[in-house]
Amino acid sequence: VDRVETIDDAAVEALYAELERPVYNVVFRWVWDREEAREVVQEAFVRLWRMRARVEPATVRPLLYRIAVNLASNRRRWRRLRRVVALERAPAAAPAPSRAADEAMEREQRQAAVRSAVEALPERLRRVVTLCELAGLSYAEVAAILEIPAGTVASRRNAAMERLRSVLDDEAGGAAARRARVR
Amino acid sequence: MTSPTDLFEQLEPPPGGREALRARLARERGGAHRRPRVWFAALIAGAACAAALLALWWRAREPAPDLFAGARAHPPAEHYATMVSLKMIPPPPDGVMAAPGPGGQPAPVHLRQIPVDSPSVVLYVASRRAR
Chain A
2 VDRVETIDDA
12 AVEALYAELE
22 RPVYNVVFRW
32 VWDREEAREV
42 VQEAFVRLWR
52 MRARVEPATV
62 RPLLYRIAVN
72 LASNRRRWRR
82 LRRVVALERA
92 PAAAPAPSRA
102 ADEAMEREQR
112 QAAVRSAVEA
122 LPERLRRVVT
132 LCELAGLSYA
142 EVAAILEIPA
152 GTVASRRNAA
162 MERLRSVLDD
172 EAGGAAARRA
182 RVR
Chain B
423 MTSPTDLFEQ
433 LEPPPGGREA
443 LRARLARERG
453 GAHRRPRVWF
463 AALIAGAACA
473 AALLALWWRA
483 REPAPDLFAG
493 ARAHPPAEHY
503 ATMVSLKMIP
513 PPPDGVMAAP
523 GPGGQPAPVH
533 LRQIPVDSPS
543 VVLYVASRRA
553 R
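Top line first, the protein sequences correspond to chains A and B.
Residue numbers for the first sequence follow the numbering used here, beginning at 2 and rising by one.
Residue numbers for the second sequence follow the numbering used here, beginning at 423 and rising by one.
There could be a bad hint or two in this list.
Here are the in silico distance ranges between beta carbons for each label pair [as the list claims (entries may be wrong)]:
{"id": "1", "chain 1": "B", "residue 1": "483", "chain 2": "A", "residue 2": "81", "range": "36 to 42 Å"}
{"id": "2", "chain 1": "A", "residue 1": "137", "chain 2": "B", "residue 2": "451", "range": "19 to 25 Å"}
{"id": "3", "chain 1": "B", "residue 1": "486", "chain 2": "A", "residue 2": "35", "range": "58 to 64 Å"}
{"id": "4", "chain 1": "A", "residue 1": "166", "chain 2": "B", "residue 2": "432", "range": "16 to 22 Å"}
Not close to chain A: a few residues of chain B, all C-beta gaps over 12 Å, as computed [unchecked claim]:
{"id": "5", "residue": "438"}
{"id": "6", "residue": "475"}
{"id": "7", "residue": "479"}
{"id": "8", "residue": "487"}
{"id": "9", "residue": "503"}
{"id": "10", "residue": "511"}
Far from chain A, some chain B residues (derived; all Cβ distances over 12 Å) [claimed, not checked]:
{"id": "11", "residue": "432"}
{"id": "12", "residue": "435"}
{"id": "13", "residue": "443"}
{"id": "14", "residue": "447"}
{"id": "15", "residue": "467"}
{"id": "16", "residue": "495"}
{"id": "17", "residue": "504"}
{"id": "18", "residue": "509"}
{"id": "19", "residue": "512"}
{"id": "20", "residue": "513"}
{"id": "21", "residue": "535"}
{"id": "22", "residue": "547"}
If you are wondering where the hints come from, they were derived from the structure by calculation, not from laboratory data.
We put the CB at the ideal spot given by N, CA and C, even for glycine.
Let the hints inform the model, and build the full structure from the sequences given.
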């Protein structure tokens with residue numbers, strides 16, 4: 002894509018082959034649904050294709066990530082709004098624990114802990130940490146995507162990691178206490 | 423215990439993404455993406471109509487009654503002295519009725535303006551009307 006002078010269908014497809022997975026991984030941590038994440042990724046590429054006449058090939062990657070993260074953030078906001086006005090059904094209650102389901106339950110709890118830790122992050126930290134850790138981008142690349150200084154990227158990433166550690170440690174402590182009470 | 427590194431497990435996207443993208447781009451080339459613009463134009467037109475109707479209704483509605491003008495024209499007896507002191511009506515040349523008078527009945531009083539130095543102060547003396 003960097004070598005071509007204009008973005009055409011072939012360039013978009015080549016970009017898709019290269020970036021589908023990292024973009025999908027970033028978007029998934031915003032919408033937490035495989036199908037929805039896939040839709041957002043597709044929509045991001047389609048929007049990039051619509052803008053192809055005005056896009057410099059050198060800036061196409063940051064632009065794609067920016068579109069994808071904005072779309073994912075909007076979806077998440079819209080979903081929360083729908084939940085507030087009760088158009089969306091609340092998630093079903095967790096089934097009662099049983100010994101046979103212990104392992105699966107522990108895995109679900111771990112995933113729920115991860116999700117709640119990421120959900121607890123403010124948006125500016127979440128943008129940085131998902132792009133740094135899930136897309137494998139450098140601070141400079143993330144800085145170009147988010148249009149902020151690289152030093153800010155580094156400090157926000159560190160702050161995000163601190164918060165994640167704190168939330169996950171609290172969660173682990175609570176789970177241990179619950180297990181002790183059951184025994 | 424869950425550590426932050428668990429967050430960053432790489433997931434595989436669902437298969438068939440590239441074919442789905444090709445199909446969407448083919449639809450885009452067919453002009454499917456222009457449909458939302460039609461909806462957007464209809465939305466703008468609807469909002470403009472609503473704004474015009476609101477403006478017409480606003481202009482056509484009756485003016486609100488001027489309560490102060492009504493009160494000036496027919497000052498209620500129990501508020502007469504207050505209205506005079508607030509300069510809402512001119513002081514009467516002869517007596518006004520003040521309430522309560524002896525036995526709870528309205529009684530005639532005279533208002534006499536006392537000259538003072540400050541222009542922001544108006545002072546009246548209310549006195550029982552001489553019979």
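Results of checking the hints against the structure:
1. Between residue 483 of chain B and residue 81 of chain A the beta carbon distance is about 40 Å. The supplied range of 36 to 42 Å therefore holds.
2. Taken as a hint, the range 19 to 25 Å is violated for the pair residue 137 of chain A and residue 451 of chain B, whose Cβ atoms sit roughly 33 Å apart.
3. Separation of residue 486 of chain B from residue 35 of chain A is about 59 Å and conforms to the stated range, judged on CB atoms against 58 to 64 Å.
4. Under the hint 16 to 22 Å, the C-beta atoms of residue 166 of chain A and residue 432 of chain B, about 20 Å apart, fit the expected range.
5. Consistency note on residue 438 of chain B: stated as away from chain A, yet its beta-carbon is not over 12 Å from all of that chain's, at 9 Å minimum.
6. For residue 475 of chain B, the requirement that its beta carbon stay farther than 12 Å from each beta carbon of chain A is met, with the minimum near 27 Å.
7. Distance to chain A confirms residue 479 of chain B as a non-interface residue, since its nearest Cβ pair spans about 29 Å, more than 12 Å.
8. Interface exclusion of residue 487 of chain B from chain A stands, the closest Cβ pair being 40 Å apart, more than 12 Å.
9. Annotated as non-interface, residue 503 of chain B keeps its C-beta farther than 12 Å from every C-beta of chain A; the closest such distance is 56 Å.
10. For residue 511 of chain B, the condition that its CB be more than 12 Å from all CB atoms of chain A holds, with the nearest at approximately 54 Å.
11. Residue-level check failed: residue 432 of chain B sits 6 Å from the nearest beta carbon of chain A, not beyond 12 Å.
12. Here residue 435 of chain B does not stay apart from chain A, with its beta-carbon only about 4 Å from theirs, under the 12 Å limit.
13. Listed as outside the interface, residue 443 of chain B is inconsistent with that label: its C-beta sits roughly 6 Å from the nearest C-beta of chain A, within the 12 Å cut-off.
14. At roughly 6 Å from the closest C-beta of chain A, the C-beta of residue 447 of chain B falls inside 12 Å, breaking its exclusion from the interface.
15. No Cβ of chain A approaches the Cβ of residue 467 of chain B within 12 Å, the least distance being about 24 Å, so the stated non-interface status holds.
16. Listed as a non-interface residue, residue 495 of chain B keeps its Cβ farther than 12 Å from every Cβ of chain A; the least gap is roughly 51 Å.
17. Separation of residue 504 of chain B from chain A is adequate, the least Cβ-Cβ distance of about 50 Å exceeding the 12 Å criterion.
18. Remark: the non-interface label on residue 509 of chain B is consistent with the geometry, its nearest Cβ contact in chain A lying 53 Å away (cut-off 12 Å).
19. The beta carbon of residue 512 of chain B is kept farther than 12 Å from every beta carbon of chain A, the shortest such distance being approximately 59 Å.
20. The Cβ of residue 513 of chain B lies farther than 12 Å from every Cβ of chain A, with a closest approach of about 61 Å, so its non-interface assignment holds.
21. No beta-carbon of chain A comes within 12 Å of the beta-carbon of residue 535 of chain B; the shortest separation is about 63 Å.
22. No beta-carbon of chain A comes within 12 Å of the beta-carbon of residue 547 of chain B; the shortest separation is about 64 Å.
Violation of the numbered hints given earlier is confined to hints 2, 5, 11, 12, 13, 14; the remaining hints are satisfied by the structure.
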